[in-house]
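Just need the whole structure built from these sequences, with the hints factored in.
Top line first, the protein sequences correspond to chains A and B. Be aware that the first sequence starts at 1, since it is given in my numbering, and climbs by one per residue. Be aware that the second sequence starts at 1001, since it is given in my numbering, and climbs by one per residue.
What the hints contain is simulated information worked out from the structure, not anything from laboratory work. These numbers were taken from a predicted model, which means no experiment stands behind them. All the pointers check out, no bait thrown in.
Here are the simulated DSBU-like pairs of lysine-lysine, each with C-alpha atoms no more than 30 angstroms apart in a straight line:
hint : chain 1 : residue 1 : chain 2 : residue 2
1    : B       : Lys-1235  : A       : Lys-28
2    : B       : Lys-1262  : B       : Lys-1250
3    : A       : Lys-28    : B       : Lys-1236
4    : A       : Lys-28    : B       : Lys-1202
5    : A       : Lys-28    : B       : Lys-1227
6    : A       : Lys-85    : B       : Lys-1219
7    : B       : Lys-1227  : B       : Lys-1242
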Amino acid sequence: MKKQSTGFKVVSSSASWQELETGGGLLKMTGNSEAYRTGNWVPKTLEFVEENCINCGLCWAVCPDDSILLDEKGNMIGVDLDHCKDCGLCVEICPPNKNPDPSKHALRFREEESSDF
Amino acid sequence: MNATKNAITKTLDGNAAVVEALRQINPDVFGFYPITPTSYIGEGFSKLVADGKVNTEYVCAESEHAACSICVGAAAAGGRAVTATASQGLILMAEVLWNASGMRLPMVLINGNRALSAPLSIHCGHDDLYAVRDAGWGQLVAKNAQEAYDFTLCAFRIAEAETVRTPVMVAMDCFHTTHTTQKIFLQPDEAAQKFVGETVQKNPLLDIENPVSYGNFDKPDFYMEHKRAQLEGQKKLLEETKTIFKSFAKTFGRGSESVVEKIGAENPDLAFVALGSVCGTLERAVKKLGNAAVIRPRIFRPFPAEELRDKLSGVKKIIVLDRCSPAGADWAPLGTEVRSLGLEAEIRNGIYGLGSRETHADDFVALANNFEKLSTETPHWINLRD
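Here it is as structure tokens:
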């Protein structure tokens, strides 16, 4: 199972310029792309409605950011909001979303804006 | 002056002098793409590689952008890297220059200052040098082949210093320096190598026990702090250059100790400020004028403001000479810098030698004699047909 939130902390977010390692964005680690929580750039966040999900796996297949979270059995359990870019491919492909009644949809955008940046 | 006596005297042009320095330094990686006027640096160095005189990994790239990128990779890996280029090549490298300095990678670049297209010119201009002045590099500007050799030895030491870790370019004028054969002093190999020293690695990519990743992404919460931290490296670069120029002069018994050289009258009434090979011509002009001097920054970035203020104090008239069009600014780059020093002197800006337009000592003498007639608002174009 994928962790809901990664949590790499290389330097304190309040670090001054004097405290930074020489080398621009140098990080004393590798494999750190997960550390970039690019999900907080998006203007709207995705909402998963578990009771409407049919576990077809289509959203997992189309997600370009590997942000659809599955349990060990392959059942969908949520969206990794730290990395989801709000592209909407999952919303588009989701079979329950074809229902004219929005209350039956399994994936939808929240209305309020949430971006940090 | 014993060290000068130990020096080997040769007749070499600027390119060949740089190749001699690079042979002595024996860098780890040379990424190269040929361009006039510095093609010979790659040609001469590749012969050294073929003859087994150096152990360098010599990489023929498919463009200047790639040549510089190869050096960035090599420097990040912990190697001593060098490239050479000019003009359009430097401009094509521009994107990579910011990467090298931003990642604090101490590589060295040799540039043959050449006018930029269009119109196509293969002759001298400082357009390329000025165009990348904000790239965060050190820019040492050589007057002649001797300084091209000397600066190449100094550049690696300056760039690699613990507090600096910033790339340095050694700039010499296209043809006037790259292709002009002069008598120059070369230090014996051992002395030159001792002066330059071994490279010091800092967070090398190839140290797999201590993995690091370079060139990471900054969000708005850190980019500004990283740029401020980078500026500190540049400030230290100027300090380190002063120290190393002094050390060079002391070790080898020759060369100016200062980052700003003054030649001519002790307390001049008028001073020319200029970069590069034209300063040789200006030395003749100030001899004819008498109470005049040439004040020559040997480094353009970081700008040696304090030393220029010091050398220009008491001067009443200053003519700043630029080998570049102002390109939309009031004055050309060096003129603008000198005007911003806040001096009490009367300052004028002269544009000379674009695309190697002939400019003689008498032209500068005439300029000085007509000082009062020169515009205070716009630069005076020397030897322009109008």
